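Student: Sequence:
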Amino acid sequence: MLIGTFVVSLGLAILRAGAVVTGGTAGLSLLLSQALPVPFGLLFAAINLPFFLLAIRGKGWKFSIYSAVAITLVSTMSGLHTLFVPLAGIAPVYAAAAGNVLCGVGLIALFRHTASLGGFNIVALVVQDRFGTRAGYVLMVLDSAVIVSSLLVAAPLTVVVSAAGSVLLNLILAINHRPGRYTGS
Numbered sequence: 002m003l004i005g006t007f008v009v010s011l012g013l014a015i016l017r018a019g020a021v022v023t024g025g026t027a028g029l030s031l032l033l034s035q036a037l038p039v040p041f042g043l044l045f046a047a048i049n050l051p052f053f054l055l056a057i058r059g060k061g062w063k064f065s066i067y068s069a070v071a072i073t074l075v076s077t078m079s080g081l082h083t084l085f086v087p088l089a090g091i092a093p094v095y096a097a098a099a100g101n102v103l104c105g106v107g108l109i110a111l112f113r114h115t116a117s118l119g120g121f122n123i124v125a126l127v128v129q130d131r132f133g134t135r136a137g138y139v140l141m142v143l144d145s146a147v148i149v150s151s152l153l154v155a156a157p158l159t160v161v162v163s164a165a166g167s168v169l170l171n172l173i174l175a176i177n178h179r180p181g182r183y184t185g186s
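Each residue of the sequence shown is one higher than the one before, starting from 2 at the first, in my numbering.
Wrong hints could be hidden among the right ones.
To be verified - Have a look at the derived ranges for each label pair, beta carbon to beta carbon:
id, residue 1, residue 2, range
1, Asp130, Pro87, 34 to 44 Å
2, Thr83, Ala36, 17 to 27 Å
3, Ala92, Leu152, 16 to 26 Å
4, Thr83, Val154, 18 to 28 Å
5, Ile4, Arg58, 26 to 36 Å
6, Gly90, Leu37, 21 to 31 Å
7, Arg131, Ile66, 13 to 23 Å
8, Pro38, Val149, 20 to 30 Å
9, Arg58, Gln35, 25 to 35 Å
10, Val161, Arg58, 32 to 42 Å
11, Phe85, Leu43, 15 to 25 Å
12, Leu152, Lys63, 12 to 22 Å
13, Leu37, Pro157, 14 to 24 Å
14, Arg58, Pro87, 39 to 49 Å
Just so you know, these hints were derived from the structure itself, not from any lab. Note that the structure is a prediction, hence the values are computed from the model and not measured. We treat Cβ as the ideally placed atom computed from N, Cα and C, and that holds for glycine.
Assemble the whole structure, with the sequences as input and the hints as a guide.
Tutor: Here it is, written out as structure tokens:
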């Protein structure tokens, strides 16, 4: 879980430095952190709180507790990367690709160990468990809504680059996370 949260938080730091967005509650938090004087980590934790009722009901207490720990770790670590790695001036296209690949790989590690990063991940995993629809595809639909809403605050080219990165992340999940695979105990 530590490796998964480290990799995701590094991916989010790269996305933020490249001024691109991604989907889910992480994407909402990135958008809001660009518009508000509130740190990403605090926004990320706050936005995820309402989704825990669904998590407790749909995935159980173990998953919910592990997810709360993962969200706390990502919220904390996401601000630390910029202290140690100079990310200023990173190209948006590279940031979208590298950031989303890291987030996708980190999410697989978290899913494998019965955790998520809350929000849309919880919705996608519950839908996958109940209806057999792959989590990556569910996330792609939900993430698209976040990416499209970023048109309100970002340039169209940034939104296109962000959308391509989000598709990459969700393809990584759709290909690698299937029902019955990567479920730890």
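Student: A separate judgement is required for each hint: does it hold in the structure or not?
Tutor: Status of each hint after checking the structure:
1. Asp130 x Pro87: 34 to 44 Å: 41 Å, holds
2. Thr83 x Ala36: 17 to 27 Å: For Thr83 and Ala36 the Cβ distance comes to about 19 Å; the hint holds.
3. Ala92 x Leu152: 16 to 26 Å: At 21 Å between Cβs, range holds.
4. Thr83 x Val154: 18 to 28 Å: 21 Å, holds
5. Ile4 x Arg58: 26 to 36 Å: 28 Å, holds
6. Gly90 x Leu37: 21 to 31 Å: 23 Å, holds
7. Arg131 x Ile66: 13 to 23 Å: 21 Å, holds
8. Pro38 x Val149: 20 to 30 Å: 25 Å, holds
9. Arg58 x Gln35: 25 to 35 Å: Given about 33 Å between the Cβ atoms, the range holds.
10. Val161 x Arg58: 32 to 42 Å: Check passed, 37 Å falls within 32 to 42 Å.
11. Phe85 x Leu43: 15 to 25 Å: 20 Å, holds
12. Leu152 x Lys63: 12 to 22 Å: Cβ of Leu152 to Cβ of Lys63: about 39 Å, so the range 12 to 22 Å is violated.
13. Leu37 x Pro157: 14 to 24 Å: Between Leu37 and Pro157, where Cβ atoms are some 22 Å apart, the hint holds.
14. Arg58 x Pro87: 39 to 49 Å: Given range 39 to 49 Å: holds, Cβ gap about 43 Å.
Hint compliance for this structure: hint 12 alone is broken.
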